[in-house]
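Colleague: Each chain is listed here by its residues.
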Amino acid sequence: MEGQVDTALTGDGRFFQRSGPFSLEKLAECAGARIVGDEGSDPDKLYVGVAPLQSAGPQEVSFLDNRRYAPLLNQTRAGIVLLGQAFVDRLPKGTIGLICPAPYLAWARVAGLFHPPPAVAPGIHPTALVGVDAVIDSSAQIGPFVVIGAGVSVGAKTRIDSHVVIGDGVRIGAHCRIGTHASVSHTLMGDRVTLLAGVRIGQEGFGFAVGPEGFETVPQLGRVVLEDGVEVGANSTIDRGSSQDTVIGAGSRLDNLVQIGHNVRLGRCCIVVSQAGISGSTELGDFVTVAAQAGLIGHIRIGDKARIGAQCGVMSDVDAGADVIGSPAMPFREFFRNVAVLRRLAKKTPREGGGEA
Amino acid sequence: MEGQVDTALTGDGRFFQRSGPFSLEKLAECAGARIVGDEGSDPDKLYVGVAPLQSAGPQEVSFLDNRRYAPLLNQTRAGIVLLGQAFVDRLPKGTIGLICPAPYLAWARVAGLFHPPPAVAPGIHPTALVGVDAVIDSSAQIGPFVVIGAGVSVGAKTRIDSHVVIGDGVRIGAHCRIGTHASVSHTLMGDRVTLLAGVRIGQEGFGFAVGPEGFETVPQLGRVVLEDGVEVGANSTIDRGSSQDTVIGAGSRLDNLVQIGHNVRLGRCCIVVSQAGISGSTELGDFVTVAAQAGLIGHIRIGDKARIGAQCGVMSDVDAGADVIGSPAMPFREFFRNVAVLRRLAKKTPREGGGEA
Amino acid sequence: MEGQVDTALTGDGRFFQRSGPFSLEKLAECAGARIVGDEGSDPDKLYVGVAPLQSAGPQEVSFLDNRRYAPLLNQTRAGIVLLGQAFVDRLPKGTIGLICPAPYLAWARVAGLFHPPPAVAPGIHPTALVGVDAVIDSSAQIGPFVVIGAGVSVGAKTRIDSHVVIGDGVRIGAHCRIGTHASVSHTLMGDRVTLLAGVRIGQEGFGFAVGPEGFETVPQLGRVVLEDGVEVGANSTIDRGSSQDTVIGAGSRLDNLVQIGHNVRLGRCCIVVSQAGISGSTELGDFVTVAAQAGLIGHIRIGDKARIGAQCGVMSDVDAGADVIGSPAMPFREFFRNVAVLRRLAKKTPREGGGEA
Numbered sequence: 006m007e008g009q010v011d012t013a014l015t016g017d018g019r020f021f022q023r024s025g026p027f028s029l030e031k032l033a034e035c036a037g038a039r040i041v042g043d044e045g046s047d048p049d050k051l052y053v054g055v056a057p058l059q060s061a062g063p064q065e066v067s068f069l070d071n072r073r074y075a076p077l078l079n080q081t082r083a084g085i086v087l088l089g090q091a092f093v094d095r096l097p098k099g100t101i102g103l104i105c106p107a108p109y110l111a112w113a114r115v116a117g118l119f120h121p122p123p124a125v126a127p128g129i130h131p132t133a134l135v136g137v138d139a140v141i142d143s144s145a146q147i148g149p150f151v152v153i154g155a156g157v158s159v160g161a162k163t164r165i166d167s168h169v170v171i172g173d174g175v176r177i178g179a180h181c182r183i184g185t186h187a188s189v190s191h192t193l194m195g196d197r198v199t200l201l202a203g204v205r206i207g208q209e210g211f212g213f214a215v216g217p218e219g220f221e222t223v224p225q226l227g228r229v230v231l232e233d234g235v236e237v238g239a240n241s242t243i244d245r246g247s248s249q250d251t252v253i254g255a256g257s258r259l260d261n262l263v264q265i266g267h268n269v270r271l272g273r274c275c276i277v278v279s280q281a282g283i284s285g286s287t288e289l290g291d292f293v294t295v296a297a298q299a300g301l302i303g304h305i306r307i308g309d310k311a312r313i314g315a316q317c318g319v320m321s322d323v324d325a326g327a328d329v330i331g332s333p334a335m336p337f338r339e340f341f342r343n344v345a346v347l348r349r350l351a352k353k354t355p356r357e358g359g360g361e362a
Numbered sequence: 006m007e008g009q010v011d012t013a014l015t016g017d018g019r020f021f022q023r024s025g026p027f028s029l030e031k032l033a034e035c036a037g038a039r040i041v042g043d044e045g046s047d048p049d050k051l052y053v054g055v056a057p058l059q060s061a062g063p064q065e066v067s068f069l070d071n072r073r074y075a076p077l078l079n080q081t082r083a084g085i086v087l088l089g090q091a092f093v094d095r096l097p098k099g100t101i102g103l104i105c106p107a108p109y110l111a112w113a114r115v116a117g118l119f120h121p122p123p124a125v126a127p128g129i130h131p132t133a134l135v136g137v138d139a140v141i142d143s144s145a146q147i148g149p150f151v152v153i154g155a156g157v158s159v160g161a162k163t164r165i166d167s168h169v170v171i172g173d174g175v176r177i178g179a180h181c182r183i184g185t186h187a188s189v190s191h192t193l194m195g196d197r198v199t200l201l202a203g204v205r206i207g208q209e210g211f212g213f214a215v216g217p218e219g220f221e222t223v224p225q226l227g228r229v230v231l232e233d234g235v236e237v238g239a240n241s242t243i244d245r246g247s248s249q250d251t252v253i254g255a256g257s258r259l260d261n262l263v264q265i266g267h268n269v270r271l272g273r274c275c276i277v278v279s280q281a282g283i284s285g286s287t288e289l290g291d292f293v294t295v296a297a298q299a300g301l302i303g304h305i306r307i308g309d310k311a312r313i314g315a316q317c318g319v320m321s322d323v324d325a326g327a328d329v330i331g332s333p334a335m336p337f338r339e340f341f342r343n344v345a346v347l348r349r350l351a352k353k354t355p356r357e358g359g360g361e362a
Numbered sequence: 006m007e008g009q010v011d012t013a014l015t016g017d018g019r020f021f022q023r024s025g026p027f028s029l030e031k032l033a034e035c036a037g038a039r040i041v042g043d044e045g046s047d048p049d050k051l052y053v054g055v056a057p058l059q060s061a062g063p064q065e066v067s068f069l070d071n072r073r074y075a076p077l078l079n080q081t082r083a084g085i086v087l088l089g090q091a092f093v094d095r096l097p098k099g100t101i102g103l104i105c106p107a108p109y110l111a112w113a114r115v116a117g118l119f120h121p122p123p124a125v126a127p128g129i130h131p132t133a134l135v136g137v138d139a140v141i142d143s144s145a146q147i148g149p150f151v152v153i154g155a156g157v158s159v160g161a162k163t164r165i166d167s168h169v170v171i172g173d174g175v176r177i178g179a180h181c182r183i184g185t186h187a188s189v190s191h192t193l194m195g196d197r198v199t200l201l202a203g204v205r206i207g208q209e210g211f212g213f214a215v216g217p218e219g220f221e222t223v224p225q226l227g228r229v230v231l232e233d234g235v236e237v238g239a240n241s242t243i244d245r246g247s248s249q250d251t252v253i254g255a256g257s258r259l260d261n262l263v264q265i266g267h268n269v270r271l272g273r274c275c276i277v278v279s280q281a282g283i284s285g286s287t288e289l290g291d292f293v294t295v296a297a298q299a300g301l302i303g304h305i306r307i308g309d310k311a312r313i314g315a316q317c318g319v320m321s322d323v324d325a326g327a328d329v330i331g332s333p334a335m336p337f338r339e340f341f342r343n344v345a346v347l348r349r350l351a352k353k354t355p356r357e358g359g360g361e362a
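Residue numbers (the numbering used here), protein chains in the order written: chain X, 6 to 362; chain W, 6 to 362; chain G, 6 to 362.
Misleading hints may appear alongside valid ones.
As the list makes no split between identical chains, a pair holds if one copy fits it or if it spans any two.
Claimed, not checked - Straight-line Cα separation of at most 35 Å, DSBU-like style, residue types lysine-lysine; simulated pairs:
1. Lys310 with Lys352
2. Lys50 with Lys310
3. Lys353 with Lys310
4. Lys98 with Lys31
Treat the hints as calculated values from the structure; they're not laboratory data.
When you get a sec, could you build the whole thing from the sequences and use the hints?
Modeller: In structure tokens, the structure reads:
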């Protein structure tokens, strides 16, 4: 089937809105960038879109941020490239450079200029069910088959996609976006919160005691607090607190399939990459990064700006600013030294039973 | 936004029902506990709720179970604390102790006394679709947009939340609770089964053979059996058997984002923590614990009461009662000795190319 | 409850269609197998179904593929067993053998003969919502509460189960099956694609840049391309590309709870087992296997036919045909040698502080 699909098409009109075209001047202003290499170019030329280096054409804007892709710069046919000062000499002739200190940030803004997110279409779909005493801002968009419980509040310009279920009493701020099939209960949500499809927020945590006839459920009586600007990836799960709250600090971003246990607290601007899990009552400071598939046991503290490596197994507190990896977690340097030492030892050690080393 | 949110509010009236108030005598009876430190206290005093040690007030009940939090006992303002005999001397003046052998179990019961789960509201929502020959007990609650297939049976006092999809022929017992957006097919379910939001039960397992032109699907002809009292966390997945059944034994509890492959069998009262995965045809005995992010390959046996540590990679049978961790799995003691030995060796070993050790 | 459940019932009539009965000749033809041990058997005998070795009766067909289960062959009461030449001598008297080079493939076909998948029932359920300019083939089946966006195309004999949400512009080929609660956006899908319940396809990837006031979202302007015959397990997530596309090659099979990041490319007939994750922009060749819970960092290349072991942490390119395991990834042989060497060293090393070794 896919022989005819051009898999490098950026911003396919079937799926994305398109704005523009825009002039070099406008793009430089949006990027906060300095123009180089525009000598002799047509000052009235307009640019129509964005694309990666390998497929961008003369009317498109591209970018270079990861030096791994620097070799692509020589052959690019892009009209404009956003890039750092260090790579300016490698620009091919005829390609204009927009020099900026943070090319990826500039790309975010220029790409958003060409492809603004779809506008919120105010109104409540006739198939949606809204509970008593719910207050839905008149500028909010509520999709088909949505179920909103009693006493819920939904702020201005918030968009709730089809099949979302919001439990009684939940508070949702302004400019939020809740993806299809998400469910949210027992939650207080700030502004600009984004939940992708299938997230589960506020269900009871994993709490039970051993009774004489098996496990007995411990009532989970806390809430979830999602502060302003939090984003949660598809099919991730955040349990409500048991007696305190589960709190995700302002600006934090969680990827897909992440698990957050009851009473966990994340500070501001934490990053939790896909399939990582944080067990109950663990607390993270601000700007902590937890890489993919890492796991943190419960009841520990992770200091500000600590970085937890991929697949790391964290069993005890981590200091602010520390870089750890491995299972059990240890400093990056120690982990890779251990790996190297073991490799050397294994090479030196004759096999049991003799034979080749 | 969240400056004004009191994140220690337990049992927020927007989200939880509240019962009571209750007397000390009633609470002691509920907890099965012995009263200490009530000399001079008002026998008619009533208590209104539960809260953690750090936020409980004089009219609230708290508990101490994890000794990590024992330092909080000195400063608590709680009226009553459920705790073990060992900590009774640390109770502050004016706080009554309820001494019990299992404070966490007592907490489960007292918290449930103050905050009973919402009652089941009998009836089938008018937007729900119920297939031919389905038998729904008149005391069951079927939520909006639920789809129930042909020939399904739903027992007394069972609650099925909005957007749940139940496939043809599924049998659901009494006092079950099925969370929003869950899907269940090819399944026989006992009583008191709880499925949280977004679980996937009974879909076809990962079975295919290599044919001349690619993979060919192997029909998955077994079922899922969820015995009495099983609980499954949000977004977890349990595949139906291929030719036998996938069986989750009575009282077992699975956390969020857990994967159970086809033909897996869990005994009674097993615990599988979040993001753990059990591959096809593996069998667990009774009271087995599988910690977070652990993985078990297929076709192995895990003995009764074995404990599989977090992130453990189990490649072969595990004896009853064994404690294993690491990838590949080994006894706890061996694992931590290996970690210590490697650390010491790495410290002693000069770096390649010389320089500091 | 479950005392009376026969957990070895294969193809329970409540859940599966049944075809047949079939003659030995017909079954041999379907399996592409050679008949042995039918001397003296009734040529008109008919067989009614399939079952595993331990529960199959004289009118049923079973199979042996994994030599782990060879001891079951002696006691089987199966009428027919599909198996390889090597085990023919172990067939019990009265059991007919169907000798074939690939018994598991033959089993797939014979099981499918007795239990064909349910037929597609053409039509759009009256509760489904279909957007403007959507083109739904008249032979397609659209279930209850499905939401199909504007401009979507759905091919012949495709079945879309209840509560599925398809975003604007999505293209779905023929003979596809989309499980309940799945959501698909920004996607081009070939023929014979199967998505199980709860999959999330096409949502925005995890892309953001660090701005002066926190993270800023990078518009995700690519698509997802699912080529012919792709299958995706329950609750798995595939993010759309950021500027290029995320591509899953023809015939590839992904298990449950798998994460595929933006711009990832899988070649033909790759296998990704449950809870594995592949980070952004990583490329896999053809016939690559990624075992359960393995994780691949972004921006690397995995060669054709490479095999990534369970829980493996892959931080750099992997050659075609390589077998790697461990975190960080290393060749299988090296990994298990390291494990053995460390175990021996640990046994030899006296504990710090003296005492027993």
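Colleague: A separate judgement is required for each hint: does it hold in the structure or not?
Modeller: Here is how each hint holds up against the structure:
In this assembly of identical chains, lysine 310 and lysine 352 lie within 35 Å of each other by CA distance solely across copies; the values are 27 Å between and 38 Å within a copy. In this assembly of identical chains, the alpha carbons of lysine 50 and lysine 310 never lie at most 35 Å apart, being 44 Å within a copy and 48 Å across copies at closest. Taking identical chains as interchangeable, the C-alpha atoms of lysine 353 and lysine 310 lie at most 35 Å apart only when they sit on different chains, with a minimum of 31 Å there against 40 Å within one chain. When the C-alpha separation of lysine 98 and lysine 31 is checked against a cutoff of 35 Å, the pair qualifies only within one copy, where the shortest distance is 22 Å, while the shortest distance between copies is 70 Å.
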